[in-house]
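Colleague: From first to last, the protein sequence lines are chains D and P. First residue of the first sequence? That's 7 in our numbering, and the numbers climb one at a time after it. First residue of the second sequence? That's 253 in our numbering, and the numbers climb one at a time after it.
Among the hints, erroneous ones may be present.
[Claimed, not checked] Just some of the chain D residues that point at chain P, by a computed CB distance under 10 Å: (1) Y39; (2) A41; (3) Q45; (4) D57; (5) F69; (6) F98; (7) E99; (8) T104.
[To be verified] Here are the simulated EDC-like pairs of lysine to aspartate or glutamate, each with C-alpha atoms no more than 20 Å apart in a straight line: (9) D/K110 / D/E88; (10) D/K46 / P/E298; (11) P/K264 / P/D334; (12) D/K110 / P/E298; (13) P/K275 / P/D341; (14) D/K114 / D/D89; (15) P/K275 / P/D325; (16) D/K114 / D/E7; (17) D/K46 / P/D358.
The hints are simulated quantities; they were obtained by calculation from the structure and are not laboratory data. All C-beta atoms, glycine included, are put in the ideal place defined by N, C-alpha and C.
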Amino acid sequence: ETVLTQSPGTLSLSPGERATLSCRASQSVTNVYLAWYQQKPGRAPRLVIFDTSRRATGIPDRFSGSGSGTDFTLTISRLEPEDSAVYYCQQFETSPLTFGGGTKVQIK
Amino acid sequence: QVQLVQSGAEVKMPGASVMVSCKVSGYAFTGFYIHWIRQAPGQGLEWVGWMNPNTGGTNYAQEFEGRVTMTRDTSISTAYMDLSRLTSDDTAVYYCARAFGRSSPDYWGQGTLVTVSS
Numbered sequence: 007e008t009v010l011t012q013s014p015g016t017l018s019l020s021p022g023e024r025a026t027l028s029c030r031a032s033q034s035v036t037n038v039y040l041a042w043y044q045q046k047p048g049r050a051p052r053l054v055i056f057d058t059s060r061r062a063t064g065i066p067d068r069f070s071g072s073g074s075g076t077d078f079t080l081t082i083s084r085l086e087p088e089d090s091a092v093y094y095c096q097q098f099e100t101s102p103l104t105f106g107g108g109t110k111v112q113i114k
Numbered sequence: 253q254v255q256l257v258q259s260g261a262e263v264k265m266p267g268a269s270v271m272v273s274c275k276v277s278g279y280a281f282t283g284f285y286i287h288w289i290r291q292a293p294g295q296g297l298e299w300v301g302w303m304n305p306n307t308g309g310t311n312y313a314q315e316f317e318g319r320v321t322m323t324r325d326t327s328i329s330t331a332y333m334d335l336s337r338l339t340s341d342d343t344a345v346y347y348c349a350r351a352f353g354r355s356s357p358d359y360w361g362q363g364t365l366v367t368v369s370s
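One chain only, chain P, in its complex shape (with noise of 0.2 Å):
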């Protein structure tokens, strides 16, 4: 079966960098883009950005420009977020989802929580 399993919570302090990874299984990691999805605590959804782990071809949110990096290594089927220059607003849940192509994410990851404070 479909699966993506994201790596645990973290407790980071402002200006620091994270760090989530998402390991999948059950389908072909190279035929599905995945997505980064985040949820501040109480709030709604919010697109961060996207990659194509057949190319590391890369589309990110223009609010995240410069802080974040999306990569993967296709040998053991992962995906990994890094966000840098953290602040108290980047506080949220964080979940990784696949999509085919430009369709809905369909599987999404148990979410990782990261923490951001001093």
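If we strip away everything but chain D, and leave its shape as in the complex, we get (with noise of 0.2 Å):
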């Protein structure tokens, strides 16, 4: 099983900061494998980014994903109230798919 670790595990930043989020794989992944999910409380999950870098659609162009092997990052580089949430990447190379823990970033 490729574990997941997430961090920070939280992230306290005001409007207009930028947020880096880092995901670590116990094991590589083949970038085209690695999603983001963004949840909001009582909502289910929304992908964000897919492929590592590609914004799903509706997703603003301040998120972006970039990594490869073990390493990857969600940044969001303009940090608005609405972004707000928990953000859980996901691998789906090899079963089963797995989630990481969840960084919960907060707006100030």
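The two chains are supplied separately, each in an independent frame; assemble them into the complex guided by the hints.
Modeller: Right under this line is the structure:
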């Protein structure tokens, strides 16, 4: 099983600041099999980034993804209040499909 | 527009079974896999398995093997997840989500809360 470790656990930033979220895999993940999701309280997860760096439909360009091998990053360049959520990385190269533990982004 | 609409909340006794449905619209049901993912209260996301609605083929997470069954009724574009021998650890919100082949699930259902309690 590929274990995904996300850091930090919580990120508390002000509007307009840059958020950098990390996802480290226990074994190499091919880029096309790494995704990021945003989840707000009481809501289903929403796909933000797929194939490591491609934005999903309707996702603003302040969201970007990068990385390769075992280290991946989600960057939110200029935080907006509506970006407050938990963000999960996910891999689906190997079964079982696994998620990281999540990073909570709080807007001050 | 693409929609996945799940059945309502359930309360079950330990040892019982639960079936959750996921009715899709706005796209070709047999063209996308259906994944089931759960989230215990205050916890992260846990993958349960996937089903190919075209063939009926399935792939379950090992920890659910023998307890979970995923099926579908293509005539009404609905997928089902049946989970048996419930314990309190199965209390969670269960989501269905579609994925095109080996790709990230993109559209998700609204979730179904399953509570297991005596």
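Colleague: Take the hints in turn and mark each one as holding or not.
Modeller: We went through each hint and held it up to the structure:
1. Here the hint on D/Y39 is kept, as its CB sits about 7 Å from the closest CB of chain P, short of 10 Å.
2. Hint status for D/A41: holds, given a least beta-carbon distance of 4 Å to chain P, under 10 Å.
3. Nearest Cβ of chain P to the Cβ of D/Q45: about 8 Å, under the 10 Å cut. The hint holds.
4. Among the interface hints, the one on D/D57 holds; its C-beta lies about 8 Å from the nearest C-beta in chain P, closer than the 10 Å criterion.
5. Using the Cβ-Cβ criterion of 10 Å, the hint placing D/F69 at the interface with chain P is not satisfied: the shortest such distance is roughly 15 Å.
6. The restraint placing D/F98 at the interface with chain P holds, with a minimum CB-CB distance near 7 Å, inside the 10 Å limit.
7. At a threshold of 10 Å, the smallest CB-CB gap from D/E99 to chain P is about 8 Å, leaving the interface hint in force.
8. The closest approach between the C-beta of D/T104 and any C-beta of chain P is roughly 7 Å, which is under the 10 Å cut-off, so the hint is satisfied.
9. Note on D/K110 and D/E88: the hinted pairing holds, with a Cα-Cα distance of about 13 Å set against a maximum of 20 Å.
10. For the hint linking D/K46 to P/E298, the alpha-carbon distance of about 17 Å falls within 20 Å, and the restraint holds.
11. Annotation: proposed proximity of P/K264 to P/D334 holds, straight-line Cα distance about 13 Å (limit 20 Å).
12. Distance hint between D/K110 and P/E298 is fulfilled; the C-alpha atoms sit about 17 Å from each other, no more than 20 Å.
13. With a C-alpha separation of about 26 Å, the suggested pair P/K275 and P/D341 falls outside the 20 Å cut-off, and the hint is violated.
14. A C-alpha spacing of about 11 Å is found between D/K114 and D/D89, which places the hinted pair at or below 20 Å, so the restraint holds.
15. A hinted pair counts as satisfied when its Cα atoms are at most 20 Å apart, and P/K275 with P/D325 qualifies at roughly 10 Å.
16. Taking the CA atoms of D/K114 and D/E7, the gap is about 36 Å. The hint is violated against a cut of 20 Å.
17. Between D/K46 and P/D358 the CA atoms are separated by roughly 16 Å; this keeps the pair inside 20 Å, and the hint holds.
In this structure, the hints that do not hold are numbers 5, 13, 16, in rising order.
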